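**Student:** Protein sequence lines correspond, in order, to chains A and B. Residue numbering for the first sequence follows the numbering used here, starting at 1 and increasing by one per position. Residue numbering for the second sequence follows the numbering used here, starting at 1 and increasing by one per position.
It should be emphasised that the hints constitute simulated quantities derived from the structure, not laboratory data. Be a bit skeptical, because a hint or two may be false.
Partial selection, computed: residues in chain B whose CB lies under 7 Å from chain A [stated by the list, open to error]:
no.	residue
1	I169
2	V177
3	K181
4	V207
5	V212
6	T216
7	F222
8	I228
9	G229
10	V230
11	I235
In silico DSBU-like cross-links for lysine-lysine, where the CA-CA straight-line distance does not exceed 35 Å [to be verified]:
no.	chain 1	residue 1	chain 2	residue 2
12	A	K123	B	K151
13	B	K151	B	K59
14	B	K151	B	K234
15	B	K339	B	K281
16	B	K234	A	K123
Remember, predicted model here, so these are calculated numbers, not experimental data. For glycine and all other residues, C-beta sits at the position ideal for the given N, C-alpha and C.
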Amino acid sequence: MSDAEAHEFQFGSAERQHEAAISGMWLFLATEALFFGPIFLSWIYARHADPSAFDAGSRHTALMIGLTNTGLLLASSFTYSVGLACIAFGSRRGMVIWLAIAWALGAAFIGLKFGVEWRMDLKEGLFPGPNFAIHGPARSGAQLFFAFYFFGTALHGLHLVVGLGLVAWIIFQAERFTAERHSPVRVVGLYWTFIDIIWLVLFPLIYLIGRAS
Amino acid sequence: MNPSAAPASYLDDGHTLRSWLFTTDHKRIAILYIGAITFFFFVGGFAAFLIRYNLLSPKGLIGSAETYNRLFSMHGILMVWFFLVPAVPVTLGNFLAPLMLGARDLAFPRLNLLSWYLFMVAGVVALYAVVGGGVDTGWTFYTPLTSFYSKGHVIAAVVAIFIAGFSSIATGLNFIVTIHKLRAPGMTWYRMPVFLWSLYATSVILVLATPVLAMTLLLLAFERIFGIGVFDPKIGGDPLLFQHLFWFYSHPAVYVMILPGFGVISEIIPAFSRKELFGYKFVVWASIAIAVIGFLVWGHHMFVAGTSLFSALVFSLLSYMVAVPSAIKVFNWIGTMHKGYIHFDAPMLYAIGFIGLFTTGGLTGLFLAALAADVHLTQTYFVVAHFHYVMVGGMVSAYFAGIHFWWPKMTGRLYPEMWGRAGAIIIFVGFNLTFFPQFLLGYLGMPRRYFAYPQHFEALNLLSSAGALTLAVGYILPLGYLTWSLFYGERASANPWGATGLEWTTPSPPPTENFAVTPIVTEEPYQYRQAETVNHE
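Kindly produce the complete structure, drawing on both the sequences and the hints.
**Tutor:** Shown next as structure tokens:
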């Protein structure tokens, strides 16, 4: 099977297969950008229509958790990149260690976000509906803000969970990869860092813009 | 295996159900898709037939406006997402793209199979929505009807379309990467058949527009489930936002439903005119231009929805601009036929029908792009007739043209030519009889989606329903003789039409690996004059 491992039958060379995998993932990320696009667009549009209510909603979010989570995700992208550099230099062991750290940082984000922050939000009654905790003129607009908040973070979280699965898959398959042949590590890395970029848009929308005014 | 024997055809490479359901061969997946979309075509067509049955009488014959709403919604949803959008790309595209490129398969064969399974799951969920009570919102799912008031199975329908969307994305992504990375040696971009360029333009739209629909439908489902959301004006949301996002997908999707048809027609017209395609580069870049401009015209669906006059003017102007590349194509096809040696075989009859019907559909689209005319014509049967001329007269004709043209390649059998021609003519006549009266009805002011209508519209509605019956005959006919040909048709040679293109250089049906030796391309496509000279020597 060594020939089949070299490249799949439809490609003329392993090089071609690598290029196809990388460009396929970039294209997929383009679809992901457009997938999240409508949330960001609607969010900014709705905020523009009722800024004070969105500010009121935003002030009920947990800035410190958001900030910590941003740090965790950025660090996990960094550690993933280090892992990628390790395998490019032929260190499989280094790759496994750094990817495991990246995985743990991502998992910590999930734990903080949904185990701690969401629980606090729900306890405070911030889920939109009849029992919504914010009263006064900002009530309806703040509900809209929290509709975006729960929807957006849930979807981002789901993508992150998929990412955790992929990183774990790379770790378990580590012996397949060498300095010359590690396209899957690079492909998963593209996805993993892309999730951060989504978060880097969500973070200011949730925590920062409303506090600035 | 004896190396001197001809390699087994892809159809003989395993006869078990398993060898089909777990195949990653692009040709077999194309056949799986043909089965699936044929099924949905006839289910959606049956709904259309009941619609025309109901409209035989001014009071409506099926007795319930609720049922009628569900019928046209089901017709729209099934036909758009389960027939028109996938029709040519997943069947002819899947089968032909690697063959035309000189490749052995698509770049991601397993993703290709996954896309078929996603499509089937989506189809089952859609059928559940239909059987479980139906959807009464129309295929456009406008809020707040869908998010709060509709009593239909909106969630199931939305889930079905969401999943089908990912099937589309997978297909589009696969084609783009394949066309970039798997062209045979010498197959430069300008040596590619126009069909591949059309497929490329289509894939760009699928990949960039479908995710927007997916998210919009998720937001809609969220709103319906939790009773709170971004399209709800009660809390500061905006129902118009839904229309913007929906049409940002659905207008480009209209070009997904026609661009592959352009590709098919651009292959057939040179082959049956024995002439090089006129203005190859213009045809190619017209496809790309349509894909790009198609993203900028969605607002013309909302002229009367309360958008500003300024935005309406801009969208109107941009909509006119799409007509330019479309017209370029029509002129180029006619230029190709000019002084050609035309053969009126069934694919060519469909193709000629396509040119007339598509042009009618396109020109009436300009009426609707004009602000003043649109105010009168929008929400009438004029719109229904317009888009059926493009979608059915155009795309379905192109699909049938392509199926007939490549049938010998796909099955290794020839279809009975006289039956093929009869089918093409019946479909053309039936189609015009069905939809031309609807232009008149719309112009006279009959609104679309109504279950009953005033007495004085009866004659035109009768004509339209009679046309629908003719059209039904025309559609069932190929189902019969094509199936017959699978068993009793004459064996096809590698190139029964004497056409150019790499797909005709390999046996019919092709072997699993497509080409025994990877072909090397040394010339431009559509070199028919040379082929003709050779034949006469």
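**Student:** So, for every hint listed, does it hold in this structure?
**Tutor:** Here is what the structure says about each hint:
1. I169: holds (5 Å)
2. V177: At about 5 Å, which falls below the 7 Å cut-off, the nearest Cβ of chain A leaves the hint on B/V177 intact, so it holds.
3. K181: For B/K181, the interface hint holds, since the closest Cβ of chain A sits about 5 Å away, which is under 7 Å.
4. V207: Check passed: Cβ of B/V207 comes within 5 Å of chain A, closer than 7 Å.
5. V212: holds (5 Å)
6. T216: holds (6 Å)
7. F222: With a closest approach of 6 Å, the B/F222 hint holds.
8. I228: Constraint on B/I228 satisfied, holds at 4 Å.
9. G229: holds (6 Å)
10. V230: Holds: closest Cβ of chain A sits about 5 Å from B/V230, inside 7 Å.
11. I235: B/I235 check passes; min Cβ-Cβ to chain A is 4 Å, inside 7 Å.
12. A/K123 - B/K151: Given that 35 Å is the threshold and the Cα spacing comes to 33 Å, the pair holds.
13. B/K151 - B/K59: At roughly 24 Å apart (the allowed maximum being 35 Å), B/K59 and B/K151 satisfy the hint.
14. B/K151 - B/K234: Distance ~20 Å between B/K151 and B/K234 Cα, so the pair holds.
15. B/K339 - B/K281: Distance ~20 Å between B/K339 and B/K281 Cα, so the pair holds.
16. B/K234 - A/K123: holds (25 Å)
When each numbered hint is compared with the structure, no violation occurs for any of them.
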